[in-house]
Each structure stands twice: as structure tokens, then as C-alpha cells.
Amino acid sequence: MGRVVDVVVTVGQIAQLLNTPSPANAQVQVTGLNTLEEATESELSFCGAEAYVRKLSSTRAAAVIVPRRLKIPAGVRVALLVVEDADLAMAQVLERFAPPVPRPAPGVDRSARIDPSAVLGNDIAIGPNVVVGAGSRLGDGCILHAGVYIGQDVMLGDGCEFFPGVIVRERITIGNRVIIHAGSVLGTDGFGYRWDGHRHVKIPQIGTIIIEDEVEIGSCVCIDRAKFSTTRIGFGTKIDNLVQIGHNVVVGPHCIIVGQAGLAGSAKLGTGVVLGGQTAVRDHVTIGDAAMAAACAAIADDVEPKAVVSGMPALPHRQSLREQAALRRLPDLVVQVRKLQEEVESLRKGISP
Amino acid sequence: MGRVVDVVVTVGQIAQLLNTPSPANAQVQVTGLNTLEEATESELSFCGAEAYVRKLSSTRAAAVIVPRRLKIPAGVRVALLVVEDADLAMAQVLERFAPPVPRPAPGVDRSARIDPSAVLGNDIAIGPNVVVGAGSRLGDGCILHAGVYIGQDVMLGDGCEFFPGVIVRERITIGNRVIIHAGSVLGTDGFGYRWDGHRHVKIPQIGTIIIEDEVEIGSCVCIDRAKFSTTRIGFGTKIDNLVQIGHNVVVGPHCIIVGQAGLAGSAKLGTGVVLGGQTAVRDHVTIGDAAMAAACAAIADDVEPKAVVSGMPALPHRQSLREQAALRRLPDLVVQVRKLQEEVESLRKGISP
Amino acid sequence: MGRVVDVVVTVGQIAQLLNTPSPANAQVQVTGLNTLEEATESELSFCGAEAYVRKLSSTRAAAVIVPRRLKIPAGVRVALLVVEDADLAMAQVLERFAPPVPRPAPGVDRSARIDPSAVLGNDIAIGPNVVVGAGSRLGDGCILHAGVYIGQDVMLGDGCEFFPGVIVRERITIGNRVIIHAGSVLGTDGFGYRWDGHRHVKIPQIGTIIIEDEVEIGSCVCIDRAKFSTTRIGFGTKIDNLVQIGHNVVVGPHCIIVGQAGLAGSAKLGTGVVLGGQTAVRDHVTIGDAAMAAACAAIADDVEPKAVVSGMPALPHRQSLREQAALRRLPDLVVQVRKLQEEVESLRKGISP
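Protein chains in written order, with this note's numbering: chain A, 1 to 353; chain B, 1 to 353; chain C, 1 to 353.
By construction, these hints were calculated from the structure, which means they are not laboratory data.
Heads up, some of the hints might be wrong.
To be verified - With a Cα cut of at most 30 Å, we get these calculated DSBU-like pairs of lysine-lysine:
{"hint": "1", "chain 1": "B", "residue 1": "Lys202", "chain 2": "C", "residue 2": "Lys268"}
{"hint": "2", "chain 1": "B", "residue 1": "Lys268", "chain 2": "C", "residue 2": "Lys71"}
{"hint": "3", "chain 1": "B", "residue 1": "Lys202", "chain 2": "C", "residue 2": "Lys71"}
{"hint": "4", "chain 1": "A", "residue 1": "Lys55", "chain 2": "C", "residue 2": "Lys202"}
{"hint": "5", "chain 1": "B", "residue 1": "Lys268", "chain 2": "C", "residue 2": "Lys55"}
{"hint": "6", "chain 1": "B", "residue 1": "Lys202", "chain 2": "C", "residue 2": "Lys202"}
{"hint": "7", "chain 1": "A", "residue 1": "Lys202", "chain 2": "A", "residue 2": "Lys268"}
{"hint": "8", "chain 1": "B", "residue 1": "Lys349", "chain 2": "C", "residue 2": "Lys55"}
{"hint": "9", "chain 1": "C", "residue 1": "Lys306", "chain 2": "B", "residue 2": "Lys202"}
{"hint": "10", "chain 1": "A", "residue 1": "Lys55", "chain 2": "C", "residue 2": "Lys71"}
{"hint": "11", "chain 1": "C", "residue 1": "Lys202", "chain 2": "A", "residue 2": "Lys268"}
{"hint": "12", "chain 1": "B", "residue 1": "Lys306", "chain 2": "C", "residue 2": "Lys55"}
{"hint": "13", "chain 1": "C", "residue 1": "Lys71", "chain 2": "B", "residue 2": "Lys339"}
{"hint": "14", "chain 1": "B", "residue 1": "Lys55", "chain 2": "A", "residue 2": "Lys202"}
{"hint": "15", "chain 1": "B", "residue 1": "Lys339", "chain 2": "A", "residue 2": "Lys339"}
{"hint": "16", "chain 1": "C", "residue 1": "Lys55", "chain 2": "C", "residue 2": "Lys71"}
{"hint": "17", "chain 1": "A", "residue 1": "Lys349", "chain 2": "B", "residue 2": "Lys339"}
{"hint": "18", "chain 1": "B", "residue 1": "Lys339", "chain 2": "A", "residue 2": "Lys268"}
{"hint": "19", "chain 1": "B", "residue 1": "Lys55", "chain 2": "A", "residue 2": "Lys349"}
{"hint": "20", "chain 1": "A", "residue 1": "Lys306", "chain 2": "B", "residue 2": "Lys55"}
{"hint": "21", "chain 1": "A", "residue 1": "Lys202", "chain 2": "B", "residue 2": "Lys268"}
{"hint": "22", "chain 1": "C", "residue 1": "Lys202", "chain 2": "A", "residue 2": "Lys71"}
What the hints assert, rightly or not - FRET-style restraints, in silico, Cβ to Cβ:
{"hint": "23", "chain 1": "A", "residue 1": "His284", "chain 2": "C", "residue 2": "Arg60", "range": "51 to 57 Å"}
{"hint": "24", "chain 1": "B", "residue 1": "Arg60", "chain 2": "C", "residue 2": "His284", "range": "38 to 44 Å"}
{"hint": "25", "chain 1": "C", "residue 1": "Gln13", "chain 2": "A", "residue 2": "Arg110", "range": "52 to 58 Å"}
{"hint": "26", "chain 1": "C", "residue 1": "Gln319", "chain 2": "B", "residue 2": "Arg103", "range": "17 to 23 Å"}
Stated by the list, open to error - Listed next, the stretches of chain C that the computed footprint assigns to chain A, with coverage defined by at least 3 CB atoms under 8 Å from CB atoms of chain A:
{"hint": "27", "stretch": "144-158"}
{"hint": "28", "stretch": "167-177"}
{"hint": "29", "stretch": "215-228"}
{"hint": "30", "stretch": "259-267"}
{"hint": "31", "stretch": "326-335"}
Here the structure is a predicted model, which means the values were calculated and not measured.
Positions of the beta carbon are idealized from the N, C-alpha and C atoms, including for glycine.
Just need the whole structure built from these sequences, with the hints factored in.
What follows is the structure in C-alpha cells.
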């Protein structure tokens with residue numbers, strides 16, 4: 001972990017942070033977190049589920065965070081930090097140990113190419129080889145890591161951070177505190193052609209993209225500009241790596257879109273929708289608020305609010321499970337039906353005169 | 001839309017462009033297109049299907065393009081532009097309003113690194129931080145946006161446009177008017193190893209790639225170089241974002257490959273093949289001319305010309321539908337068979353002496 | 001193939017390389033390899049399977065490498081190079097003809113930005129626009145192609161080669177002879193949030209990544225840093241393009257992960273696991289040594305060592321095949337059961353008094 005291990009706190013300080021009684025070894029110093037197996041005497045660890053409880057006997061960790069609901073077997077000697085909300089506690093501890101993200105030096109790197117007509121806010125940091133096009137505007141506190149490309153007439157709110165190699169093409173509007181991870185591309189033409197009898201002719205894609213506040217976008221994500229009007233990602237939505245968002249897609253606020261999911265053109269997600277990894281959403285499909293799709297679901301029809309769907313094609317999850325259970329028995333069923341046919345045939349012969 | 005709204009035309013001029021009678025409000029000025037819901041009084045809109053006809057009553061659009069075949073309910077007051085071919089009309093109007101794509105200044109940016117042995121055509125535009133390797137040649141009118149990398153001995157025809165961050169490795173031949181969108185990579189080694197008893201040993205991938213004229217390639221697409229011989233993308237084929245094309249794949253002309261599809265090594269597509277999003281094509285599979293695969297199809301066997309396939313594994317689409325319909329009834333079928341077994345058993349007992 | 005055709009050897013020399021008797025045309029010069037159809041009189045070719053044997057009659061190749069087990073029909077006139085291990089022979093010949101990979105000039109390009117605190121080994125080659133952050137260390141013989149980004153405190157062993165545009169973020173450790181292809185991103189934050197009642201709050205991802213010796217990573221691959229502890233790719237593992245590796249994933253040595261596969265957080269692969277293209281692995285799933293997953297498998301549960309799984313959800317491959325075979329018959333089965341119901345009904349009536 002190199003120069004990172006600068007954070008040193010005591011077990012007691014962690015207990016205080018988590019608002020839980022301090023164990024006997026309160027004065028022991030810890031420098032980070034690790035798994036139950038790998039933690040050293042100067043690291044904390046975490047045990048969130050029954051499945052891992054047996055590891056509590058052998059861990060060398062200085063102390064282990066456990067949720068109150070977890071049943072701890074007798075004989076466990078490691079110091080425990082018992083909390084109500086284990087996820088929250090983990091997040092708090094991670095924040096405590098989080099090393100600062102290395103960022104470009106304040107100001108504009110000498111190798112960056114900022115168009116004279118671009119407007120830069122205060123307290124910005126622009127790294128090597130960044131390009132910012134004509135008419136673009138960066139809000140206060142924006143950070144553009146090395147090699148970021150911002151096209152013409154792109155509007156960024158305050159506090160955005162784009163990691164190396166992010167590409168944002170022309171005429172895109174991005175809100176405040178938006179994070180885009182390395183290698184993602186916003187603003188490619190939507191995928192649209194018409195056949196003129198001889199070849200596919202490109203349909204101009206003249207629309208734009210709006211990314212609302214507090215959206216986070218992973219690496220190698222592609223978000224296409226609208227044919228006309230707007231491709232939109234709603235407030236606080238989080239998108240994982242390698243996701244494809246087609247033209248005119250509208251994603252509501254607070255959605256979670258897991259890695260390698262794909263949303264075809266004009267798909268529409270409500271508020272708080274969760275799409276598992278490798279999910280596919282057909283063009284023009286609407287997914288209601290708080291609906292969830294399991295990983296690899298292939299969604300070809302509209303999904304009701306709060307529905308849970310899975311499978312290919314995606315069905316209500318219970319139906320999917322029932323069909324899968326039946327499918328497990330299908331080979332036997334085929335045999336049973338053949339046997340039934342024979343029996344019925346023999347019965348028929350038996351009663352025929 | 002920033003500085004884009006410079007295009008102002010009248011409804012009458014649009015009618016003329018579409019070769020259709022002008023509505024009464026011919027003199028009204030319009031500045032763009034939008035959806036039926038979002039269009040303002042100075043925007044055009046479009047209604048292509050029955051499903052949206054009801055929105056015609058409430059739209060504020062200056063005029064709406066509709067195909068002649070669409071049945072317009074009485075009482076619709078918005079001005080209509082009635083056309084034969086709605087897709088063509090849309091494309092024409094989009095072209096009319098399309099803002100120019102921002103491009104690097106003519107010539108070679110001072111930060112670009114062009115090898116002295118590279119040959120550049122006339123009227124080229126090469127942006128910041130571009131690299132062009134030894135022995136490469138760019139045809140007339142080529143545009144390389146910021147950060148494009150062209151390796152050694154790469155041949156580009158006339159009128160190609162590569163968006164920011166495109167990477168084309170050595171010894172690749174690209175035709176005329178080829179568009180490659182931001183972040184795509186051409187020329188990575190094909191994925192090939194042999195096990196020597198101790199480890200996977202890399203098999204050299206010494207072949208090349210040929211991209212024919214008028215191909216368009218989306219963002220974050222990977223096209224691998226051949227093991228030997230050539231990976232080839234045919235004339236006028238269009239490839240969406242995040243598509244994987246393995247080594248020695250041959251894609252015919254006029255194909256459409258939708259986002260996140262993957263073609264394994266030596267797969268072969270005929271002319272005019274359409275692959276839906278997230279389609280998978282097994283290595284060495286051949287797909288016939290004009291065949292189509294629905295989204296998420298997993299194609300493990302050759303596909304006949306003009307066939308339509310879907311599902312995993314991909315089957316003829318009608319069969320797929322029939323099986324899916326039967327699968328919906330499978331849980332009931334299991335119950336029915338159990339009941340039949342009981343009935344047959346009871347019948348047998350009934351007639352046995 | 002441009003300036004590549006510098007390698008000229010005779011058929012006899014190739015026979016010697018492959019340790020096989022030389023054909024009669026030993027003195028004929030060859031300049032490369034090609035397919036049976038496309039090979040010219042000065043090229044070698046290869047015939048590995050029965051399916052292609054008929055092409056031996058019409059090929060123009062100077063000589064064809066064939067495995068001893070292949071039955072050659074009478075009348076084949078082309079010179080044959082008969083070998084025991086055709087894959088090995090192919091690899092040897094490809095190595096013989098492999099053109100050198102173009103690399104940056106030795107030393108550090110003047111446009112590269114190397115932090116003064118970074119430590120560079122001997123015989124390195126760093127191309128244009130490369131960035132190397134503070135505290136990072138490159139072993140001997142490392143090659144960073146144009147536009148590579150190395151963050152702070154990144155440790156590289158000896159002999160690594162990173163192709164254009166590769167991004168390696170801070171605090172990552174990479175072993176010896178690791179190859180990363182263009183456009184891949186290592187070190188993005190893992191995808192983790194907690195809902196605080198109002199919005200998704202980012203959970204800090206403070207861990208790191210270890211890439212062991214002789215790993216090869218394709219293009220546009222994303223490997224996320226661990227939440228805490230380490231995301232790890234084992235010795236000699238090979239990863240194809242567009243693969244997603246989530247936080248805290250542990251991949252054992254000698255694995256093969258084919259294009260567009262996705263491994264969710266904390267998934268664990270043993271030694272020598274093979275994942276087909278577009279495979280999905282659920283979070284926290286463990287896959288045993290030498291297990292294999294067919295393309296498009298959706299792995300939701302642990303997989304035993306040496307097991308072969310396929311389908312969605314992934315099942316033991318034989319069971320998957322049996323179910324698929326039964327599913328092909330399901331539409332007929334539905335009809336058969338309906339008929340049986342009628343027959344049983346009619347039987348019941350027939351025997352009722």
C-alpha cells in the first residue's frame with residue numbers, strides 16, 4: 001500500500017467513531033482494514049454474515065466490527081466492535097482510513113489546451129494533456145485528470161471530477177459533483193441509419209445529453225447523444241463499468257446500473273431502478289420506479305413499478321424461479337409422459353372388447 | 001443547446017424540403033426538433049406510430065411530421081406535414097438542423113507527433129496530442145481528433161474521421177469515409193495461447209485488419225488483428241458501442257452490429273446481417289446473408305441466409321417463441337402430468353380384476 | 001502487409017524448424033502464412049481439421065502444415081509438412097514470421113511527464129504523452145506506449161508492456177512481464193454505495209490491485225480496486241477484451257477469461273479456470289480449480305473444481321444439454337399431455353357404469 005499507511009488510530013478511537021463500547025484493547029493502534037484471514041494485529045476487520053463467523057476464532061485482527069444481530073459463538077477471543085448498522089459502520093471506518101485521491105496540481109497544467117473562450121471556475125485542477133473546447137464552462141472545484149477531453153460548449157457544474165482519459169463531446173450539460181471514471185465516453189452519435197436501397201445512410205444525431213447532479217459513472221461507459229432532444233441521467237444515479245446507454249434513454253434519479261448492462265434507444269427508467277450486471281433493456285421499454293432486474297435479465301417489455309424481474313426474456317422473478325424449477329424436472333417429465341402414453345394405450349386395449 | 005440554435009427556418013421551408021403541402025402556418029419560424037411532449041411553439045415534432053397519436057392533441061409543436069398511413073383523429077389542430085416515408089423525412093429534417101461537428105483546426109496541431117516518414121493528404125485536420133507512426137499514410141480530408149493514436153504502417157483512405165482517443169495499431173488498412181468513434185481500439189493481438197504443460201504461451205498474432213469504405217464504428221469497440229491473414233469489416237457495415245470483434249472475423253458488407261455484441265474468432269457474417277444488442281457469436285460460426293439475430297441471442301451454430309434467430313442457444317425465432325410459450329405453461333404441465341399419473345393409476349386399479 | 005514482408009525463408013528451413021522431413025520443393029522461398037484459400041505460391045498454410053481437407057486440392061500454398069493424425073486423400077499434390085503437434089508447429093511458424101512490434105524509442109519521450117520522485121529501471125521505452133505519477137517505480141525493460149497513464153505509487157516489475165492509452169491508477173502493484181493492451185483501465189473505485197434514506201452514498205474504496213507475473217490483459221478491460229484489501233489476478237492468467245473485474249475479485253493463476261465476461265465483486269476463481277465469452281459470475285461466488293464455463297453462462301452459485309457449466313442459470317453442462325434437448329420437445333409435449341388428458345377422460349367415461 002506504499003505511502004498510504006499514514007493513518008494510525010487506536011481501537012478505542014474507532015469504537016468512539018462507531019458510537020459503541022470500546023473493547024479492552026482500546027489503546028492498540030490500527031493502520032487499516034483487511035479480511036478476517038489476512039488482517040494483521042494492527043488491522044481491523046469485519047464480519048457481516050453467519051457464514052464467516054467461524055473465522056472469528058482464527059483471525060489475528062486487532063478488532064472486528066460485527067452487527068448486533070450476529071450470533072457470536074462462545075470462545076471467540078478477538079475484540080469485537082458491535083454495531084447496529086454494519087454497512088454504515090464499514091463506510092465510516094473506510095472513510096477514516098481512506099487515503100487522499102491523488103489529483104493534478106491546482107490550476108491548469110502547462111500542457112493542457114484550454115480554448116481561450118472556455119470559462120474556468122475557481123479552485124480547479126487540470127492535469128497534463130487535457131483539452132477543453134471553445135465555449136465550454138467548468139464550475140468551481142472541478143478536477144480534470146490527465147488526458148481528459150472536453151469538447152465545445154460543454155457545461156460542467158461545481159465539484160465535478162473526471163478521471164484520466166474521459167471524453168465528453170460537444171454540447172453536453174453536466175451538473176454538480178458528477179464523477180466520471182477513466183476511459184468513459186459521453187456524446188457519441190446515437191446508432192441510427194436508414195436503408196436507402198443501396199446502403200445504410202447515417203441519420204444525424206443532433207441532440208444532447210444531460211447528466212444531473214451527483215451522478216457517478218464508471219469506466220469505459222458509453223452514453224450516446226440523443227437523435228434530437230436529450231439523453232438524460234437522473235440525480236444521484238450510479239453507473240458501473242462498461243455500461244451502454246443508447247440515444248434518448250432517460251434514466252431517473254437514484255438508479256443503480258451494474259456493470260455491462262445495456263439500455264437500447266429511448267428506454268426509460270423511473271426512480272430508484274436497479275439493473276443487475278449484463279442486463280439488457282430493449283428500445284422504448286419503460287421500467288417503473290423501484291423496479292429491480294436480476295443480473296443478465298433481458299427486458300423486452302415494460303416493467304411495473306416495484307416489480308422484480310429475471311431471466312431471458314425477463315419475467316416476474318417468482319415466475320422465472322417457478323419455470324426454472326420446472327425446467328430442472330423437464331427431462332424426467334418427457335420420460336413420464338412417454339410412460340403415460342404407453343399405459344393409456346395398454347389400458348385402452350385392455351378395456352376394448 | 002448553447003450556440004447551436006443558429007438554424008432558423010419556416011414551417012413552409014420544411015414543407016418544401018419534404019415535398020409536401022405547406023400548412024396554414026407556413027411563415028412560423030422553427031429552430032429545431034423535439035418530442036411531442038417537449039416541443040415548444042418554435043419546434044417541429046414527429047409522430048410515427050399509432051401509439052403516439054393521442055399526443056397530437058396536446059403538443060405545442062409548430063408542426064408535426066406524420067406518415068400518410070397514420071390515421072389522424074378528428075379534432076387534431078396542430079399543423080401536420082404529411083409524408084410518404086417518415087424515416088426519410090426525419091432524416092432530412094435532422095440534416096437541416098444538424099449543427100456542424102466541431103473539428104480540429106485545419107492542418108496539424110503543434111502538439112501532434114507525426115513521424116517524418118508518414119504521408120499526409122490534402123485538407124487534413126489533426127488535433128492536439130495525436131500520434132501518427134512511421135510509414136503511415138492519411139488520405140485527403142482525414143480528420144483525427146485530439147489524442148488519436150495511429151501506429152506504424154497504417155493506411156487510411158480519404159475522408160476518414162476518428163474521434164478523440166481512437167487507437168489504431170500498426171499495419172492496418174482502412175478505406176475511405178470510415179468513421180471511428182471515441183475510445184475504440186483496432187489492432188490488439190487476437191486472444192490465442194497454447195498450454196505448454198506449465199503455462200499459457202502466447203501465440204503470435206501476426207495478421208492484420210482491413211476496414212472497408214464507409215464503415216462506421218462506435219465507441220469502446222475492440223477489433224483484434226488476425227492470427228495470420230486478415231480480420232475484415234465489409235463495405236458500409238455499422239458497428240455500435242462496446243462490441244468485441246475477435247481475430248480473423250470476417251464481417252460482410254452492410255451489416256448492423258448493435259451494442260455489446262461479441263463475435264468470437266473466425267466468425268463469418270454474410271451481407272446485410274443484423275445482430276441485436278449483446279448477441280454472442282461462437283468462433284468459426286457462419287451467418288448467412290440477410291440473417292437477423294434478436295438481442296441477447298447466443299449463436300452457437302451456423303445460421304442460414306435470411307433466417308431470424310433468437311434465444312440462448314439461438315434457434316429459429318418462431319421455434320424460440322413456441323418454446324418460450326410452452327415454457328410459460330411448464331409449471332402447470334408438471335402438475336397436470338402428476339394428476340394424469342394418479343388418474344391412470346386409479347383407472348388401472350379400477351379395471352384390474 | 002506493408003514493410004513486414006522482410007522475412008524470407010525456404011520451405012526446407014521451415015521443415016527443419018518443425019523437425020519434420022522436407023518436401024521436394026525445399027528450396028522454394030516463403031514470406032508468410034495465409035489461409036488455404038488465400039495463400040499464394042510464396043506462402044505457407046495450415047490444415048488442422050477434417051473439415052478443411054478438401055481445400056488441400058485447390059490451395060496454391062507453397063506447403064501446408066498438417067497434423068499426422070489427419071487423413072490426407074489421394075491426389076493431393078501440395079507439399080505437406082507433417083507434424084505431431086499442429087498447434088505448436090503453428091506457433092513456431094508464426095513466431096518465425098512475426099514482425100517486430102513497433103515500440104517507442106528507447107528512453108523517455110520529451111513530451112512524457114515523469115514525476116521526479118518516480119524511479120525508472122534500465123532499458124525502458126516511454127512514448128509520447130505518457131504520465132508517470134509520484135512515487136511510482138518501473139522495472140527494467142518496461143515499455144509504455146503513447147498516452148499511457150500511471151498514477152502515484154504504482155509498482156511495475158521488469159519487462160512490462162502497456163499499449164497506448166492504458167490507465168493504471170494509484171497504489172497498484174504489477175509483476176514482471178505483464179502485458180496490458182490499449183484502452184484498459186486498472187484501479188477504478190469498486191462499485192459500492194449505501195442508501196442513507198435520501199441518496200446513494202459512496203462507500204470509499206481504499207484497497208488496491210495486485211497483478212501477478214506474466215498476466216496478459218486485453219483492450220478496454222476494467223479491473224476495479226478493492227473496497228479494502230486487494231483485487232488480485234494470478235500468475236499467467238490471460239484476460240480478453242472488454243472484461244469487467246469487480247472489486248475484491250481474486251482470480252487464480254493460469255485462468256483464461258474470454259471477451260466481455262464479467263466478474264462481480266468478491267468472486268473467486270481457482271487455478272486454471274476457463275470462462276467463455278460473455279460469462280457472468282455473481283458476487284462472492286467461488287469457482288473451483290480447472291472448472292470451465294461455456295460462453296454466456298450465468299454463474300450464480302459456487303462451481304466445483306473441474307466442473308463444466310453452461311446456461312442461464314449455469315448448470316452442469318450435461319444437465320444443461322439434457323434440459324435444452326427436452327425444451328426442444330416441450331411444445332410437442334404440451335400437445336401430447338392435452339391429448340392424454342382427453343384419452344384418460346374418455347377411458348374413465350368408457351369404464352364408468
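Verification of the hints:
For the proposed pair Lys202/B and Lys268/C, the alpha carbon gap of about 24 Å is at most 30 Å, so the pair holds. Straight-line distance between C-alpha atoms of Lys268/B and Lys71/C comes to about 26 Å, which keeps the hinted pair within the 30 Å bound. Distance check on the hinted pair: Lys202/B and Lys71/C sit about 29 Å apart at the alpha-carbon level, within 30 Å; holds. With a C-alpha separation of about 28 Å, the suggested pair Lys55/A and Lys202/C falls inside the 30 Å cut-off, and the hint holds.
At roughly 18 Å between alpha-carbon atoms, Lys268/B and Lys55/C fall within 30 Å of each other, so this suggested pair holds. For a cut-off of 30 Å, the pair hint linking Lys202/B to Lys202/C is broken: about 40 Å separates their Cα positions. For the given pair, Lys202/A sits about 24 Å from Lys268/A by alpha-carbon distance, which is consistent with the 30 Å threshold. Distance restraint check for Lys349/B and Lys55/C: the Cα-Cα separation of roughly 66 Å exceeds the 30 Å cut-off, and the hinted pair is therefore not satisfied.
Note on Lys306/C and Lys202/B: the hinted pairing holds, with a Cα-Cα distance of about 24 Å set against a maximum of 30 Å. Restraint check for Lys55/A and Lys71/C: not satisfied, since their Cα atoms lie roughly 59 Å apart, outside the 30 Å limit. Among the hinted pairs, Lys202/C with Lys268/A is consistent with the structure: their alpha-carbon atoms are about 24 Å apart, no more than 30 Å. Taken as a hint, the Lys306/B and Lys55/C pair is honoured in the structure, with Cα atoms around 27 Å apart against an allowance of 30 Å.
The straight-line distance between the Cα atoms of Lys71/C and Lys339/B is roughly 56 Å, outside the 30 Å bound, and the hint therefore fails. Under the criterion of a C-alpha separation no larger than 30 Å, the hint pairing Lys55/B with Lys202/A is consistent with the structure, at around 28 Å. Among the hinted pairs, Lys339/B with Lys339/A is consistent with the structure: their alpha-carbon atoms are about 14 Å apart, no more than 30 Å. This hinted pair checks out: Lys55/C and Lys71/C have alpha carbons roughly 13 Å apart, not beyond 30 Å.
Between Lys349/A and Lys339/B, the direct Cα distance comes to roughly 22 Å. Compliance with the 30 Å bound is thereby established for this hinted pair. Under the criterion of a C-alpha separation no larger than 30 Å, the hint pairing Lys339/B with Lys268/A is inconsistent with the structure, at around 44 Å. For a cut-off of 30 Å, the pair hint linking Lys55/B to Lys349/A is broken: about 66 Å separates their Cα positions. Our distance criterion of 30 Å between C-alpha atoms is met by Lys306/A and Lys55/B, whose separation comes to about 27 Å.
Between Lys202/A and Lys268/B the CA atoms are separated by roughly 24 Å; this keeps the pair inside 30 Å, and the hint holds. Taken as a hint, the Lys202/C and Lys71/A pair is honoured in the structure, with Cα atoms around 29 Å apart against an allowance of 30 Å. Our hint of 51 to 57 Å for His284/A and Arg60/C holds, since their Cβ atoms are close to 52 Å apart. The hinted window of 38 to 44 Å between Arg60/B and His284/C is violated, with their beta carbons roughly 52 Å apart.
Separation of Gln13/C from Arg110/A is about 54 Å and conforms to the stated range, judged on CB atoms against 52 to 58 Å. For Gln319/C paired with Arg103/B, a C-beta distance near 56 Å fails the hint of 17 to 23 Å. Closer than 8 Å: that is the beta-carbon criterion, and the stretch 144-158 of chain C has 6 residues meeting it against chain A, so the requirement of 3 holds. For the stretch 167-177 of chain C, the stated coverage by chain A holds: 4 residues have a C-beta nearer than 8 Å to a C-beta of that chain, and at least 3 were required.
Counting residues of the stretch 215-228 of chain C whose beta carbon lies closer than 8 Å to any beta carbon of chain A gives 5, which meets the minimum of three for the stated coverage. Here's how the stretch 259-267 of chain C fares: 3 of its residues keep a CB closer than 8 Å to some CB of chain A, so the rule of at least three is met and the hint holds. A stretch counts as covered by a chain when three or more of its residues have a beta carbon under 8 Å from one of that chain; for the stretch 326-335 of chain C and chain A the count is 5, and the coverage holds.
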